[in-house]
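Asks: Chains G and P, in that order, are what the protein sequence lines are. Take the first sequence: its letter number 351 is residue 351 in the numbering used here, and every next letter is one higher. Take the second sequence: its letter number 183 is residue 183 in the numbering used here, and every next letter is one higher.
Misleading hints may appear alongside valid ones.
Here are some, though not all, of the chain P residues that point toward chain G, as calculated from beta-carbon distances under 7 Å [as the list claims (entries may be wrong)]:
id: 1; residue: I232
id: 2; residue: I235
id: 3; residue: A236
id: 4; residue: E237
id: 5; residue: H410
id: 6; residue: V444
id: 7; residue: M485
id: 8; residue: A499
id: 9; residue: Q500
id: 10; residue: E530
id: 11; residue: F543
id: 12; residue: H613
id: 13; residue: N633
id: 14; residue: N636
Far from chain P, by Cβ distances over 10 Å, these chain G residues were calculated [claimed, not checked]:
id: 15; residue: G12
id: 16; residue: F29
id: 17; residue: V54
id: 18; residue: D145
id: 19; residue: G155
id: 20; residue: S183
id: 21; residue: C185
id: 22; residue: E442
id: 23; residue: R492
id: 24; residue: D539
id: 25; residue: V581
id: 26; residue: W588
id: 27; residue: E607
Sample of chain P residues lacking proximity to chain G, with all beta carbon distances greater than 12 Å (derived) [unchecked claim]:
id: 28; residue: R17
id: 29; residue: H89
id: 30; residue: L124
id: 31; residue: C185
id: 32; residue: E346
id: 33; residue: Q438
id: 34; residue: G473
id: 35; residue: G498
id: 36; residue: A502
id: 37; residue: P542
id: 38; residue: E720
id: 39; residue: V765
In case anyone wonders, no lab produced these hints; they're calculated from the structure. Keep in mind that this is a model prediction, so the values were computed, not measured. For glycine and all other residues, C-beta sits at the position ideal for the given N, C-alpha and C.
There are 2 protein chains.
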Amino acid sequence: MTAVAPNPAGLGRMPRREDARLVRGRGRFVDDIVLPGMLHGAVLRSPHAHARIVSVDTSAAESHPKVRAVLTGADLEARGMAWIPTPSHDVAAVLATDKVRYQGQEVAFVVAEDRYAARDALALIEVEYEDLPVVTDARTALDPDTPVIRDEMPGRTDNHVFDWESGDEAATDAVFAAADHVSRCELIYPRVHPAPLETCGVVAHLDPLDGRVTVHCTAQAPHTHRVLYSRITGIAESRIRVIAPDIGGGFGNKVAMYPGYLCALVGSMVTGAPVKWVEDRSENLMATSFARDFHMAGEIASTRDGRIRGVRVTVLADHGAFNATSQPSRFPAGFFGVFTGSYDLEAAHCRVTGVYTNKAPGGVAYACSFRITEASYLVERLVDVLAHDLGLDPAALRMANLLRPDQFPHATPTGWEYDSGDYPATLRLALDMAGYEQLRREQVESRAAYERTGQGTLTGVGISFFTEAVGAGPRRMMDIMGLGMADGADLRVHPSGGAQLAVSCMSQGQGHETTFAQIVAHELGIPYDEIVVVQGDTDRTPFGMGTYGSRSTPVSGAATVMAARKVRDRARLVAAAMLEVAADDLEWVPGRWQVRGVPTSGVSLREIAAAAHSDLDLPDGVEGHLDASCVYNPPNLTYPCGAYVCVVDVDPAIGTVDVRRFVAVDDCGVRINPTIVEGQIHGGLADGIGMALMELVTFDDAGNHLAASFMDYLLPTSMECPSWELGETVTPSPHHPIGAKGVGESATVGSPAAVVNAVLNAIGVRHADMPLTPAQVWCALQGTPLRTDRAIQ
Amino acid sequence: MTAVAPNPAGLGRMPRREDARLVRGRGRFVDDIVLPGMLHGAVLRSPHAHARIVSVDTSAAESHPKVRAVLTGADLEARGMAWIPTPSHDVAAVLATDKVRYQGQEVAFVVAEDRYAARDALALIEVEYEDLPVVTDARTALDPDTPVIRDEMPGRTDNHVFDWESGDEAATDAVFAAADHVSRCELIYPRVHPAPLETCGVVAHLDPLDGRVTVHCTAQAPHTHRVLYSRITGIAESRIRVIAPDIGGGFGNKVAMYPGYLCALVGSMVTGAPVKWVEDRSENLMATSFARDFHMAGEIASTRDGRIRGVRVTVLADHGAFNATSQPSRFPAGFFGVFTGSYDLEAAHCRVTGVYTNKAPGGVAYACSFRITEASYLVERLVDVLAHDLGLDPAALRMANLLRPDQFPHATPTGWEYDSGDYPATLRLALDMAGYEQLRREQVESRAAYERTGQGTLTGVGISFFTEAVGAGPRRMMDIMGLGMADGADLRVHPSGGAQLAVSCMSQGQGHETTFAQIVAHELGIPYDEIVVVQGDTDRTPFGMGTYGSRSTPVSGAATVMAARKVRDRARLVAAAMLEVAADDLEWVPGRWQVRGVPTSGVSLREIAAAAHSDLDLPDGVEGHLDASCVYNPPNLTYPCGAYVCVVDVDPAIGTVDVRRFVAVDDCGVRINPTIVEGQIHGGLADGIGMALMELVTFDDAGNHLAASFMDYLLPTSMECPSWELGETVTPSPHHPIGAKGVGESATVGSPAAVVNAVLNAIGVRHADMPLTPAQVWCALQGTPLRTDRAIQ
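Go ahead and model the full structure; you've got the sequences and the hints to work with.
Replies: Next comes the structure, spelled out in structure tokens:
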């Protein structure tokens, strides 16, 4: 990656402008916000996973000389804020009242003059608990004698959350009944954590003078946060300003509004001062949105020669103690529906059952549209199992079953419409880049050498092919989040010809300040350096759902293009008046309207902007200024795809895995800034290695969280990653105005299966669950792989 | 004035919401802005009014341990910023290079770690001056042997700035030649100062990381300031953010961008840190924009019985050493053209000649559209002189000559089109409220008693009738300021039904946060408390010219109404889709679209907003959200008017004046918030008493400023003001969407003549110039009134 001069056409490789401050340590994150008179909050958390609260005594804490307020569940109950409705049609506790339901749950909140005093005072709060039996195994959560975790809900007698299905069950059953062959496999996608570098935090202030609320917080979706604050507090949205400053990674972890945010706001209401609360690492790992935790029983039906006919799956989804604010609602399993993958199937069906357990709320969209990572992992694992069972080459099996370019747009058996793609070409490129045939020869040689000497490593080659479904508009967000808010773009051209773009999406590191400026430069010919991008402040940006599920480019990016084109259309009217010609006689060349066929007669956008602002004989329909807004409601999702080939060397003696090579060919349509796209892919590939090989949150039988620090929750570093080998195919999205598709999460979705397939391919094991730690690899080699939803010793 | 409950219709008396913070001392003014690492600036000013700079030695100052930078004219010259072009087609020095041209002119700028060190270091700068002859008398400024102040301009051989005329000279001369009677009078409108409570200041920061400039400054016109910063520094406007926080009074003083602002910005460029500079009182009084300083020779022609036929005037305008950034450009005398007043004239003509003198730049629009205060004073004084000369009652003379309602819209002989008014009714109401006949009887009695006893006071009754011309749009601003930028209003309705309005105008105390919310409440039926008004931040508000010349209500207010009506129209389309009826079948009742004739079938704006944001089956032409922008280019000015009656008691023995009563009947069309309108009028009346009786800036022959503190520059207090008696007539402006006219400056324009007329009426003197200090009254009584453009001993 090399920084190059700005591309005059706008799109292309550009250094990220936000890095000027970020790499110098000059970013402004929530914890950098210091307001006059600001107080500091700390959360008292439950040490128990399931216990009745007998009493809470805050008197000693309140006597601490620096403590200004102590909030308990009872205090919030008096304000009607102890429980908050979630968009998932559930409620979640802010501070526990009757019971605690997972270890780390919020029980009390101390507001003090400094952070040290606030933390000190936590120890002065005396809570008497009465232990209750703990439910940590989702598979027993629905047993009749299992304790009911959500017994505060009237009439509730079990831990069932929802049932959801997708696809035609009868048709699928018929396909399976008629199939030559069916492979079955049970898979666990274990609980993992997004673990952003910056933990969550907030500075909340209700100004007693004007009743306005300003909340600086780590939010991927500032406008959604504002709606939630309004719904919970009853304060009108128009009196609430949510500001998300620089955000140090989101990955879905910062979609939700956490109890600490609301406690800080209530703390400000009580004290009249701004209140800051920033998690520590352990709090983030213990109590903020988890992902995955799916137990999947999958089946794949095929002809004898490997023509795949159908997929069938039943899932048990562990949602923890609450269906949290960032979880799906009407369709609780959301994008799991694309479990049909990239293949030409006759039928498919899935059934997902959600259960409550004594764990922190899960089910978040960790660097993927809700549940799509699980779906993609499932089908790509099943294809490899099928290849294993039929003795076929997994590359050839995929190539034979991938959707063909002439099948697009493609309606899947589960009701999705894939927009575009050339899947065979994408896989072929990946195999060519990897030198697939040569790799297979190396694999044979490595096994032969190992079997000959009993030493050395086993080479494995793993393939995955994924289709992502990203860029949800308000209709789908309304379905899955219970809240729809179409995304807007407001574009203003200055009298001098520079521009300011405000968008509803919110970067957590994706480089929006760069790419959105490039889009405007591309559409209007305005120099990149003269375009400023505004985001993350509800008072300064149009409404919209925010950034997750790779929405920014497909949705806000489209809105930006369309706003720019509206500006261009208005500029044409002004130009026609300036040149005294009919608008139809003008043609656009980048940055300029000119008389068709007369290049010397034209006006630049800069001249047009100056005229629109200060010259006053404007044509009808142009009031003045040169700006436009667009609200974009996408007609469909965009469907990026990719083919990944992973090469590993496994030491069977000690179970270690070395990811030697990783070839990733991504098709995300037109790339606005290839450098940034590649950065996103790099990050997602590392994610995949982490999930496949090391990341795991488990609990002991008492519900104790066993990975509450980075000593126990292992994240991949550059040491675990090879030098990525990237390639691309380009099939523009037909319904995005510049053909771009979202790419922020593609590699996270696509890579785990490639790594797992590679390791299992190396050791010749049909299936073992992630993470493939040395212990798991070794156990798998002994024929006794571990259950990774339980504590691994 | 009593605070009352919000008027559901929106308009009406309301307490000012901004007062919640302002009266508690919780406003956030420029000097309250503290940024991390902020440095402090101080200005070295010239002690001389006219001197050549021989040398400037900054070495000692630079050695001060806390000094971080010292800027001189030479430093700025190296950056091409020593001189800045003004919209008046002049240039003005930022830091003096060749000469100093008035006492207090900026010579150097010190940036230090604290304000104390910065001020201390000023004394360490050694400047060698060579004195030059000083020009302080405008009447000799054009004499051949007078030194040329602006000799840096190539080829310049005199102190002439401009000549400007208005009206038909030949026609006017003909009317005068044929008139039965002509009264003549020479009048001085002396130099005064706006003297806002808060002085001027700035915190400027060029962030070296991203090259963006953020300027917090005392600005009445943030967007105009941004354009100026951009033009001067060459930094694109889109990279500059100007924020005007709470402003403690403007009155025209904060339209201009002063050298200190630019020095602070250059100081930030040099040091990389934010730089604050805030004037002290003496600096504000000595070196920021002055007003008036007009020498006027007026003539009024009439029939024998007092039918006024024409007005003719020649003016010498003292502009100081530079034609400053807030001064008129193509029409340097600007609104002086309405010197025809409120009368039905056959012809009128004026000629204005501007000259440079060794004084700080003047000519600012101090609480009036440029020069209209002078014009109004002139004509109302001339009418009284005519009454004096013809032995007519000044009330009857005015009543006989006022424009009649059937003469509107009225084209004046000088090319203005008055929009509406009922002048006779307005004057009649004022006279009735005052009990005019009774007052005249009291006057006779007081004089008789005085003449009988040689003791006591003399009662005087003064009348003025004014027509203001306010609410200039971009066309006129382009003419007079060299910069046009139509004013916008951006209105967003939240999903919950609350709203946010962003406007380009900027309150300096006028209560925009209240009145603009009322306008939106009025138009859309949204509860007042749920409407937030944003102003004063170029990144958050639409472009526009800002607040001066009583522009806010006529221009931004109209833009707001029209944006609200666009929202209403869009809401109608959404409502039609929701109700499944044709849009034409819907009727608007405040806050709600309902089926015509079926009041039970309708949807509230709140419901419509929720649907527009989240429901997705929106009709064609409605993308989503519920918002609208409007850019308003007014077709004409609005013309408020008023009749004022002032009653004074003068002690002829010592010359003191007691303003006993003041009746003010204002017609500003529809009043959005009568409480705020009355507050504006109260302030303007006090202004008028100040100018008429005490405020004065003069200079000695060496050019020394003789009123550089509030010990010498006397401002009126409540002790000098009577309990105001206010009345109103209402003739809505026909071209403002709710019929409002600007009123912020009416009383400042109308009141000085009433007070002067009253005092001179009391003492029976035909004319004496303002301010009518005890000394001036006493001298006038002796038949030797003072020249108030010169130092009064």
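Asks: Compare the structure with each hint and give your call.
Replies: Structure-based check of each hint:
For P/I232, the interface hint is violated, since its Cβ never comes within 7 Å of a Cβ in chain G; the closest pair sits about 13 Å apart. Because the smallest distance between the Cβ of P/I235 and any Cβ of chain G comes to about 10 Å, over 7 Å, the interface hint for this residue is violated. Hint status for P/A236 relative to chain G: holds, with the closest Cβ pair at about 4 Å, below 7 Å. A cut of 7 Å between beta carbons decides the hint on P/E237: the least distance to chain G is about 4 Å, and the hint holds.
Here the hint on P/H410 is broken, as its CB sits about 24 Å from the closest CB of chain G, past 7 Å. A cut of 7 Å between beta carbons decides the hint on P/V444: the least distance to chain G is about 55 Å, and the hint is violated. Proximity of P/M485 to chain G holds as hinted, the smallest CB-CB distance being about 5 Å (cut-off 7 Å). At about 6 Å, the closest approach between the beta carbon of P/A499 and any beta carbon in chain G falls short of 7 Å, and the interface hint on this residue holds.
With a least beta-carbon distance of about 6 Å to chain G, the hint placing P/Q500 at the interface is held under the 7 Å criterion. Of the supplied interface hints, the one on P/E530 holds, with its beta-carbon coming within about 5 Å of a beta-carbon of chain G, less than 7 Å. Using the Cβ-Cβ criterion of 7 Å, the hint placing P/F543 at the interface with chain G is satisfied: the shortest such distance is roughly 6 Å. About 5 Å separates the beta-carbon of P/H613 from the nearest beta-carbon of chain G, less than 7 Å, and the hint is met.
For the restraint placing P/N633 at the interface with chain G, the shortest Cβ-Cβ distance is roughly 6 Å, inside the 7 Å limit, so the hint holds. Checking P/N636 against chain G: minimum C-beta separation of about 13 Å lies over 7 Å; hint violated. Residue-level check passed: G/G12 sits 21 Å from the nearest beta carbon of chain P, beyond 10 Å. No beta-carbon of chain P is positioned within 10 Å of the beta-carbon of G/F29; the least distance is around 14 Å.
Non-interface call for G/V54 relative to chain P: holds, since the shortest CB-CB distance, roughly 40 Å, exceeds 10 Å. The non-interface label for G/D145 is consistent with chain P: the shortest C-beta to C-beta separation is roughly 43 Å, beyond 10 Å. With 10 Å as the threshold on Cβ separation, the claim that G/G155 sits away from chain P holds: the shortest Cβ distance comes to roughly 30 Å. At roughly 41 Å from the closest C-beta of chain P, the C-beta of G/S183 stays outside 10 Å, upholding its exclusion from the interface.
Listed as outside the interface, G/C185 is consistent with that label: its C-beta sits roughly 39 Å from the nearest C-beta of chain P, beyond the 10 Å cut-off. No Cβ of chain P approaches the Cβ of G/E442 within 10 Å, the least distance being about 48 Å, so the stated non-interface status holds. The Cβ of G/R492 does not lie farther than 10 Å from every Cβ of chain P; its closest approach is about 8 Å, which violates its non-interface assignment. Once the 10 Å rule is applied to beta carbons, G/D539 is inconsistent with being away from chain P; the minimum gap is 6 Å.
Against the 10 Å criterion, G/V581 stays outside the reach of chain P, whose nearest CB is about 23 Å from its own CB. With a minimum CB-CB distance of about 21 Å to chain P, G/W588 clears the 10 Å threshold, and the non-interface call stands. Look at G/E607: its CB is around 15 Å from the nearest CB on chain P, clear of 10 Å, so calling it non-interface holds up. Not every beta carbon of chain G lies more than 12 Å from that of P/R17, the smallest distance being close to 7 Å; the non-interface claim is violated.
With a least CB separation of 16 Å from chain G, P/H89 remains clear of the 12 Å interface cut-off, as annotated. With 12 Å as the threshold on Cβ separation, the claim that P/L124 sits away from chain G holds: the shortest Cβ distance comes to roughly 34 Å. Every CB of chain G lies more than 12 Å from the CB of P/C185, the least distance being 39 Å, so the non-interface label holds. Every CB of chain G lies more than 12 Å from the CB of P/E346, the least distance being 32 Å, so the non-interface label holds.
With a least beta-carbon separation of about 48 Å from chain G, P/Q438 lies farther than 12 Å from that chain, consistent with its non-interface assignment. With a closest Cβ-Cβ approach of about 8 Å to chain G, P/G473 is found to fall inside the 12 Å limit, against its non-interface label. Against the 12 Å criterion, P/G498 falls within the reach of chain G, whose nearest CB is about 3 Å from its own CB. The Cβ of P/A502 does not lie farther than 12 Å from every Cβ of chain G; its closest approach is about 9 Å, which violates its non-interface assignment.
Taking the minimum C-beta to C-beta distance to chain G, about 7 Å, the non-interface status of P/P542 is violated against the 12 Å cut. Interface exclusion of P/E720 from chain G stands, the closest Cβ pair being 32 Å apart, more than 12 Å. The Cβ of P/V765 sits about 48 Å from the closest Cβ of chain G, beyond the 12 Å cut-off, so the non-interface label holds.
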